[in-house]
Amino acid sequence: MDEAARQDGTTARPGDRGRGGETAQTLDRGLRLLHLVADAPGGLTVTEAANRLGIGRAAVYRLVGALSGHGMVRRDGDGRLRLGAGVLHLARRAQPLLAEGALPALRRLAEQAGATAHLTVVEGGEGIALAVVEPSWTSLHVAYRTGTRHPLERGAAGRAILAGRSGSAGPVGTSGELQPGAYGVAAPVLGVPGLEASVGVVALAPLDPEVVGEQVLAAATAIATALAP
Numbered sequence: 001m002d003e004a005a006r007q008d009g010t011t012a013r014p015g016d017r018g019r020g021g022e023t024a025q026t027l028d029r030g031l032r033l034l035h036l037v038a039d040a041p042g043g044l045t046v047t048e049a050a051n052r053l054g055i056g057r058a059a060v061y062r063l064v065g066a067l068s069g070h071g072m073v074r075r076d077g078d079g080r081l082r083l084g085a086g087v088l089h090l091a092r093r094a095q096p097l098l099a100e101g102a103l104p105a106l107r108r109l110a111e112q113a114g115a116t117a118h119l120t121v122v123e124g125g126e127g128i129a130l131a132v133v134e135p136s137w138t139s140l141h142v143a144y145r146t147g148t149r150h151p152l153e154r155g156a157a158g159r160a161i162l163a164g165r166s167g168s169a170g171p172v173g174t175s176g177e178l179q180p181g182a183y184g185v186a187a188p189v190l191g192v193p194g195l196e197a198s199v200g201v202v203a204l205a206p207l208d209p210e211v212v213g214e215q216v217l218a219a220a221t222a223i224a225t226a227l228a229p
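Residue numbers (this note's numbering): 1 to 229.
No lab work stands behind these hints, which were simulated from the structure alone.
Just to be clear, a hint being listed does not mean it is correct.
What the hints assert, rightly or not - Label-pair ranges, simulated between beta-carbon atoms:
hint, residue 1, residue 2, range
1, A205, G21, 57 to 63 angstroms
2, A205, R57, 55 to 61 angstroms
3, A24, S168, 22 to 28 angstroms
All residues carry an ideal CB built from backbone N, CA and C; glycine is no exception.
Use the sequences and the hints to build the structure in full.
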């Protein structure tokens, strides 16, 4: 017989396994294309995408058609590929899950350091505070609100993210860059595919860079472990 019975009662026809492999390969290419577009602030031409993926232009057009149908990719007036609004929808759904996964480590960090702890992620080329936890035992601490935005080039959180891009995992300390009289220490959260983030603390008094630096690094490791696939 040309058909083999599966355990679930369905039948496997010749070529099913091959088609499954092709489907997985197409999915992989589509996701890789999405990442390439996300990493290209100025957009990406179809030719550039084909060269980087190592496939033909016709295959890229098919991938773009599928991704465009779901709002993940769009073509601008010059024909360059850019992220579509559908990515924002997914990001909004994912952000609460990221914050939830980071909260245990943030609570521990805030209590250890006696300072406001925060998880900052990259959004639109800026840093945005995705989750914030204040210490329970201090009488005075920084009121750092969830949703606060700032340039990556200013403040410990953003500078830690930039350091992570260059492969540095160590803590970064700053003072007065975002708020006069405020001190910050942060470290990048590394090892989570698709996530650019940092974890840190901000206080109204100078922080011991060695002690708090180790606490921040431990929190970054814990968050990376919690969020890793």
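Hints versus structure:
| no. | hint | in the structure |
| --- | --- | --- |
| 1 | A205 with G21: 57 to 63 angstroms | 59 angstroms, holds |
| 2 | A205 with R57: 55 to 61 angstroms | 59 angstroms, holds |
| 3 | A24 with S168: 22 to 28 angstroms | 35 angstroms, violated |
Figure legend: structure checked against the earlier numbered hints; the only hint not met is number 3.
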